[in-house]
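Peer 1: Residue numbers (my numbering): 1 to 459.
Hints listed in this document are in silico derivations from the structure and should not be mistaken for laboratory results.
From the three backbone atoms N, C-alpha and C, an ideal C-beta is built for every residue, glycine too.
Some hints here could point you the wrong way.
Stated by the list, open to error - The list that follows gives simulated cross-link-like pairs (lysine to any residue, SDA-like), each with its CA atoms no further than 20 Å apart:
1. Lys57 x Leu416
2. Lys57 x Val127
3. Lys245 x Gly232
4. Lys57 x Pro235
5. Lys57 x Ala41
6. Lys245 x His308
7. Lys245 x Gln264
8. Lys390 x Asp307
9. Lys57 x Gln264
10. Lys57 x Leu131
11. Lys245 x Glu156
12. Lys215 x Glu75
13. Lys245 x Lys215
14. Lys390 x His441
15. Lys57 x Asp136
Unchecked claim - Between beta-carbon pairs, the in silico distance windows are:
16. Gly135 x Arg35: 34 to 42 Å
17. Asp32 x His263: 34 to 42 Å
18. Ser314 x Ala84: 47 to 55 Å
19. Pro174 x Leu259: 48 to 56 Å
20. Pro117 x Asp179: 36 to 44 Å
21. Thr81 x Glu208: 56 to 64 Å
22. Asp32 x Pro310: 47 to 55 Å
23. Asp254 x Val309: 17 to 25 Å
24. Asp80 x Pro102: 17 to 25 Å
25. Leu452 x Asp80: 54 to 62 Å
26. Ser101 x Ala76: 46 to 54 Å
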Amino acid sequence: MFLSVFDMFKIGVGPSSSHTMGPMVAGARFLDTLRRSPFTAQRLRVRLHGSLAFTGKGHATDRASILGLAGFTPEAYDRDTADAALAANARDGRLCPPGLSPMGFDPETDLVFDYGPPLSGHANGMVISALDGQGDVLFQETYYSIGGGFVRTQSELEAVDDAARDAPSPVPFPFRTADEMLSMAQASGLSIAQMKRRNELRFCDAQELEAGIAKIWATMRDCIERGLTAEGELPGGLRVKRRAKAIHESLRADWGRNLTPPHQINDWISAYAMAVNEENAAGGQVVTAPTNGAAGVIPAVIRYWLDHVPQASSSQIPDFLLTAAAVGGLIKTNASISGAECGCQAEVGSAAAMAAAGMAAVLGGTPTQIENAAEIALEHHLGMTCDPVKGLVQVPCIERNGLGAIKAISAASLALRGDGTHFVPLDSAIETMRQTGRDMHEHYKETSLGGLAVNVPNC
């Protein structure tokens with residue numbers, strides 16, 4: 001299955017790609033089905049299961065579910081318009097999506113958080129129903145938000161079988177593993193970014209590709225800037241204060257002093273990452289990289305490289321992002337990028353591996369050094385749980401992105417000090433992450449039923 005750079009990096013809205021963007025996408029897809037249906041629905045109903053239920057309110061899943069069924073999509077999201085739609089729904093008990101007749105929807109009764117066993121397909125499941133005037137179901141669909149803003153129906157999940165996986169690939173370099181990626185790079189003499197670019201050009205022209213990548217980076221860059229200038233408390237009730245601005249201002253005040261300790265560069269990296277994740281926690285526009293919860297790692301590493309590494313050039317950003325997307329696609333295909341499925345190792349761990357690969361690429365690394373950088377970063381996130389306090393994407397998520405970015409840069413640097421040979425292959429680290437996620441107790445997979453979520457007072 002080919003995963004584009006635009007699959008791995010989506011422009012969307014915080015605080016969660018799986019819990020906010022996913023349900024919004026599912027709602028939009030359900031509306032499209034209704035528009036093609038011969039029936040006229042009178043009422044809509046949503047039932048949230050698994051992690052969508054347990055941490056849904058902290059992740060704004062309730063808000064996203066309503067907005068999705070009102071016709072909103074992540075890529076065209078406008079906060080003021082969305083707030084007006086939610087206020088109208090609370091007042092009138094109706095939703096008025098474009099191209100459909102108004103339908104009843106009372107959030108108190110039509111939005112159900114089901115805390116029972118999760119649905120069979122994935123930890124993030126939701127069932128959307130269209131009802132007639134008597135309350136009978138006209139149409140119903142089960143959706144799974146599988147991480148990074150990706151949404152699959154029950155039938156779509158079931159269709160991803162061995163036959164589909166083995167179907168001929170439409171791209172010239174159809175690597176499904178890191179080993180295949182390295183073999184194809186050696187045989188072709190191309191870099192990972194060059195192979196990924198040729199794959200992308202099967203679906204768009206060069207101008208479209210470059211413009212799309214430029215938009216991804218511009219959105220990341222603007223998100224950092226907003227986060228470095230904003231202050232105040234984040235929403236949700238924990239009363240977490242934004243810190244990126246104050247840290248950045250303190251660092252700028254120290255800039256150029258002869259006695260500044262070298263380790264202070266870590267604070268710059270953390271400030272960039274925290275700026276993004278504070279924006280995400282506030283419901284701002286971010287880029288899934290590969291998820292919202294891990295959205296700060298890759299932008300922080302790129303910003304560090306541009307601002308603090310001599311000879312860095314923005315012209316290399318496409319190579320960074322294409323290389324990162326190639327590694328992210330391997331992880332998503334063979335394991336997961338979903339915290340609800342595999343814990344935070346699948347989110348910040350995946351982001352760190354992607355960032356390490358991108359960093360190694362723009363610093364002149366060979367394909368084997370790049371693969372080594374990704375492996376080091378992922379290996380040293382293995383076992384990391386997803387245990388957000390109060391179900392909010394704030395503690396420990398915001399700081400964790402800063403540490404993930406620092407690990408990514410260290411991993412790239414270590415890999416470039418060697419010749420590419422290493423003991424643990426990236427494929428082994430990815431498979432270990434998958435197995436660890438499978439064995440991890442559900443309390444530590446974005447349910448807020450264990451770990452920091454129960455050991456830190458949050459009221």
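Peer 1: Against this structure, judge whether each hint is valid.
Peer 2: Okay, the hints, checked on the actual structure:
For a cut-off of 20 Å, the pair hint linking Lys57 to Leu416 is broken: about 43 Å separates their Cα positions. With a C-alpha separation of about 17 Å, the suggested pairing of Lys57 with Val127 holds against the 20 Å cut-off. Distance restraint check for Lys245 and Gly232: the Cα-Cα separation of roughly 10 Å lies within the 20 Å cut-off, and the hinted pair is therefore satisfied. For the hint pairing Lys57 with Pro235, the CA-to-CA distance comes to about 12 Å; that is within 20 Å, so the pair holds.
Proposed proximity of Lys57 and Ala41 is contradicted: the alpha carbons are some 27 Å apart, above 20 Å. For the suggested pair Lys245 and His308, the alpha carbons sit about 19 Å apart, so the restraint of at most 20 Å is met. Only pairs whose Cα atoms come within 20 Å are accepted, and Lys245 paired with Gln264 is accepted, the gap being roughly 16 Å. For the proposed pair Lys390 and Asp307, the alpha carbon gap of about 36 Å is over 20 Å, so the pair is violated.
Of the pairs offered as hints, the one joining Lys57 and Gln264 is violated, with about 37 Å between alpha carbons and a cut-off of 20 Å exceeded. Between Lys57 and Leu131, the direct Cα distance comes to roughly 25 Å. Violation of the 20 Å bound is thereby established for this hinted pair. Simply put, Lys245 and Glu156 have alpha-carbon atoms about 43 Å apart, too far for the 20 Å limit, and the pair is violated. About 12 Å separates the Cα atoms of Lys215 and Glu75, which keeps this hinted pair within 20 Å; it holds.
The straight-line distance between the Cα atoms of Lys245 and Lys215 is roughly 24 Å, outside the 20 Å bound, and the hint therefore fails. For the hint pairing Lys390 with His441, the CA-to-CA distance comes to about 18 Å; that is within 20 Å, so the pair holds. Taking the CA atoms of Lys57 and Asp136, the gap is about 28 Å. The hint is violated against a cut of 20 Å. Remark: the range hint 34 to 42 Å for Gly135 to Arg35 is contradicted by a beta-carbon distance near 22 Å.
In this structure the hint that Asp32 and His263 lie 34 to 42 Å apart at CB is violated, the actual value being about 52 Å. Separated by about 38 Å at the C-beta atoms, Ser314 and Ala84 break the suggested range of 47 to 55 Å. Range check, Pro174 to Leu259: about 54 Å between beta-carbon atoms, so the 48 to 56 Å window is met. The hint said 36 to 44 Å for the Cβ distance between Pro117 and Asp179, and at roughly 37 Å that hint holds.
The hint said 56 to 64 Å for the Cβ distance between Thr81 and Glu208, and at roughly 28 Å that hint is violated. Checked against the given bound of 47 to 55 Å, the beta carbons of Asp32 and Pro310, roughly 50 Å apart, stay inside it. Checking the proposed 17 to 25 Å range against Asp254 and Val309 shows it holds: the Cβ atoms sit about 19 Å from each other. For the pair Asp80 and Pro102, the supplied restraint of 17 to 25 Å holds, since their beta-carbon distance comes to about 21 Å.
Evaluation of the 54 to 62 Å hint for Leu452 and Asp80 yields a failure: the beta carbon distance comes to about 34 Å. Between Ser101 and Ala76 the Cβ separation comes to about 22 Å, which falls outside the hinted range of 46 to 54 Å.
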